[in-house]
Every structure is written in C-alpha cells, then in structure tokens.
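Student: Sequence:
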Amino acid sequence: MYQFLGETLTTFYQSSKQDKPWQLGYSPYQIWIYEIILQQTRMAQGMPYFDKFIKRFPNIETLAKSSLDEVLEQWQGLGYYSRARNLHATARFISENLNNEFPKTYDALIKLKGIGKYTAAAISSFAYGENQYVLDGNVYRVLSRYFGETTEINSSQAPKTFYAYLEKIHKNFDSQILNQSLMDYGAQICTAKLPKCSECKLNLHCVAYLSNQIIHYPQKIKPNKLRNRYFYCVFYLNEDVIYLKKRIEKDIWQDLYQGDMVESEAFPDKRFIFPIKEKDFDLDWSIQRLTHQKIHIKFAIKPIESFDLNTLGEENFYALSELHRIPMPKIIDTFLRNLR
DNA sequence: AAGTCGGGGAT
DNA sequence: ATCCCAGACTT
512 MYQFLGETLT TFYQSSKQDK PWQLGYSPYQ IWIYEIILQQ TRMAQGMPYF DKFIKRFPNI
572 ETLAKSSLDE VLEQWQGLGY YSRARNLHAT ARFISENLNN EFPKTYDALI KLKGIGKYTA
632 AAISSFAYGE NQYVLDGNVY RVLSRYFGET TEINSSQAPK TFYAYLEKIH KNFDSQILNQ
692 SLMDYGAQIC TAKLPKCSEC KLNLHCVAYL SNQIIHYPQK IKPNKLRNRY FYCVFYLNED
752 VIYLKKRIEK DIWQDLYQGD MVESEAFPDK RFIFPIKEKD FDLDWSIQRL THQKIHIKFA
812 IKPIESFDLN TLGEENFYAL SELHRIPMPK IIDTFLRNLR
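Residue numbers 512 to 851, in the working numbering, belong to the letters of the first sequence in order.
No wet-lab data here; the hints were simulated from the structure.
Treat the hints with care, since some could be wrong.
[Said to hold, decoys possible] Keeping only pairs whose Cα atoms sit at most 20 angstroms apart, straight-line, the calculated SDA-like set for lysine to any residue is:
1) 576 / 594
2) 671 / 621
3) 615 / 686
4) 628 / 563
5) 707 / 694
6) 563 / 834
7) 628 / 600
8) 781 / 802
9) 563 / 835
10) 731 / 802
[What the hints assert, rightly or not] So the derived label-pair ranges between C-beta atoms look like this:
11) 749 / 773: 19 to 25 angstroms
12) 750 / 704: 47 to 53 angstroms
13) 848 / 790: 21 to 27 angstroms
14) 820 / 562: 39 to 45 angstroms
15) 536 / 827: 40 to 46 angstroms
16) 780 / 572: 46 to 52 angstroms
17) 678 / 536: 27 to 33 angstroms
18) 608 / 851: 41 to 47 angstroms
Using N, Cα and C, we set each Cβ at its ideal position, and we do this for glycine too.
Work out the full structure, taking the sequences as your base and the hints as a guide.
Tutor: In structure tokens form, the structure reads like this:
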C-alpha cells in the first residue's frame, strides 16, 4: 500500500501543471510568508493578501523596520491576527539576532514564533530541500481515507499516528515532491466535500472508498457549540476626528482598533454603562458568524463634546483621513465603511 | 489534553 | 446552518 501510494502521488505530481512556490523563484522569506498566510486559509482567500504583503514588505528588513500597526493593516480582514504579530516579532528577531539571515534548517525554524511543525517542515522542504514531512488538513484527509485510519484528526494523539504513516511513505520517495503532491491531492481530488473518487487513481486500495465510507473520513471530535457574544460600540465622531482604541486583552482581535466598546451578557443589558442610553443604539446592529463565536454588535454615533477629549484621552482620537491606515476587525471596518 | 484564535466560500 | 481550510499557541 505504501509503495502504491508513493508511486501514484509522484505520477500525479508530474502530470499536475500547477505552479509551485519554489518553481516561481520564491525566496525562503517569501515561502515563509506564503505558508503563514495559508495556515487555516484557502488559496483563493490568501493569495491576494500574499501579493499585497510581499509588495509592501519585500524582505526581512522592511518587515522588521515596520510598526506592528503597519503589518496588521496589511493583514486586516484575513483573521487569526496572531500570525501577523508573530511574523512581525520573528522578523525583528532575525534582523536583530541573526544578522538578517533567514534560518535554513527545520531545527532552527521551529524555534521561531509562529512556526510549528507543519511550517518548519514546509519551509525546510520547499525552500532548502530538507527531508521533512508536512502534515496538514489535506494530508490528514488523504491518509485517513486511504488507510481507513479512525483516529480523530483533531485529537491529541493524531500527529503521532499520522507521522508514523508519513515515515513509511516517504522512505522510498522524494520528500519534497511527496509533500507537495499529498497536499495538492487533498486540495484537488481527495477533497473534504464531494471528493472526486471516480477519477482517483488511489481508489484501488483506498480503504474508505472500498468500504463505501468516504463520507465518514477523516473522523473528528465534535467541536463545541457556538458561543454568542454581545457588544455595545460607540464612535465619538465629528467632521474630521474619530475616537478609536486598541484592544489589548488576550482575546479575539488583540491589537486591533475599535470604538468605545463593552461586552454584555445579552441585549439589552441592565448594567449598561455608556453615557448614552440603550435606545440610542438603534443606528445599526451587526452580526458576524465566526468559526467558534457569533458576534453581535450594536453601534452608536455620538458627536464629540469638549469634555469627551478629557474623559476618553486625546491620544485616542484619530483624523478621519488616516482611518484607512488603522487595522480594525472586519465587522467594525464594514460598519465604518457603510457610514460614509 | 483541551481551548482559543477570523474570515470566507462551498454545500 | 454546517463544515473546514497549506495550524500554532496558551492554559
């Protein structure tokens, strides 16, 4: 089974005409950005951000010299903002401690912030040809179906189980090619929904397919139910100035900007503490469904009074003309855009 | 070992 | 409405 899998994937790779990052002449730095952006993110969503990001920060030095706000601004709308924070911190670390030289080995890469087993393997394999195995969502899916592996892929023991498969598969084949073809196969043929089993060359030995159980693989532990969260958000505003404050809590949207915002148990909340009444929050009510949370925000606009500047802190007021350079959560950004 | 972190697109 | 994506980090 291992030999057949390796041969089939190698053949698939050679017939695939899709351009690979390293074939496009991407530098190790660019492959790093590429892999971070594509964490938990589809190609179609990530690639426009990759192009923008590389154009704005062509190398380690420019990224390291930029402010966190500037990096987050490029990242706005992409989600999982810790990726941008770690990217920025790692760029500065490499610039200050490694003489601007990007680490070249798996062992060095995995010590960097934001780089885990997958990304260390991907960079060291794709940029430097090191013999390492990538294990991502695509690989989990292909292997679990092909071998009929019932270990839940989001369980804590999943990595150990699946790396054992990879070790045997990679034994007689080129790791770089196998890494890329496993992921491409999962993305193009062995897809999560409506897999193309009829044109799949692996189905001769695919345990899930032969037992007609494809739909039940990969197995997964049920996620927790959606958490509802309710926020009130006030924008103190006049013709050319707006109040914005950075979220500093270790919570969703850390380091992004928002209005004067408080969270409540529900709408309406008796403990409401803003200087304007709950009924003034009829301006708009946005709901955003995320993977694990459902965000409800009631927005309000309040003209700036002279005492507001003292109460809220003058440093938190920004010119409207520079609004586009301030990173904000998608739902906040959308509201402010619609305001115009 | 379990929880947390975004947003979008396909079904 | 549900799933899940070229995952990593914290508790």
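Student: Each of the hints needs a verdict: does it hold here or not?
Tutor: Now the hints, each set against the structure:
As the CA atoms of residue 576 and residue 594 are separated by approximately 17 angstroms, the hinted pair is consistent with the 20 angstroms bound. Simply put, residue 671 and residue 621 have alpha-carbon atoms about 17 angstroms apart, close enough for the 20 angstroms limit, and the pair holds. Of the supplied pair hints, the one linking residue 615 and residue 686 holds, its CA atoms being roughly 17 angstroms apart against a limit of 20 angstroms. Annotation: proposed proximity of residue 628 to residue 563 is violated, straight-line Cα distance about 26 angstroms (limit 20 angstroms).
At most 20 angstroms may separate the alpha-carbon atoms for a hinted pair to count; residue 707 and residue 694 meet this at roughly 15 angstroms. Simply put, residue 563 and residue 834 have alpha-carbon atoms about 19 angstroms apart, close enough for the 20 angstroms limit, and the pair holds. Under the criterion of a C-alpha separation no larger than 20 angstroms, the hint pairing residue 628 with residue 600 is consistent with the structure, at around 19 angstroms. Among the hinted pairs, residue 781 with residue 802 is inconsistent with the structure: their alpha-carbon atoms are about 29 angstroms apart, more than 20 angstroms.
Simply put, residue 563 and residue 835 have alpha-carbon atoms about 15 angstroms apart, close enough for the 20 angstroms limit, and the pair holds. The suggested pairing of residue 731 with residue 802 holds, with an alpha-carbon distance near 16 angstroms, which does not exceed 20 angstroms. Judged by the Cβ atoms, the range 19 to 25 angstroms given for residue 749 and residue 773 holds: they are separated by roughly 22 angstroms. Checked against the hint of 47 to 53 angstroms, the pair residue 750 and residue 704 passes, with Cβ atoms roughly 50 angstroms apart.
As the Cβ distance of residue 848 to residue 790 is approximately 25 angstroms, the hint placing it in 21 to 27 angstroms holds. One distance hint, 39 to 45 angstroms for the beta-carbon pair residue 820 and residue 562, holds here, with the actual separation near 40 angstroms. Residue 536 and residue 827 have their C-beta atoms about 45 angstroms apart, which keeps the hinted 40 to 46 angstroms range intact. Evaluation of the 46 to 52 angstroms hint for residue 780 and residue 572 yields a pass: the beta carbon distance comes to about 48 angstroms.
Taken as a hint, the range 27 to 33 angstroms holds for the pair residue 678 and residue 536, whose Cβ atoms sit roughly 31 angstroms apart. Our hint of 41 to 47 angstroms for residue 608 and residue 851 holds, since their Cβ atoms are close to 44 angstroms apart.
Against the hints set out earlier in the document, violations occur for numbers 4 and 8.
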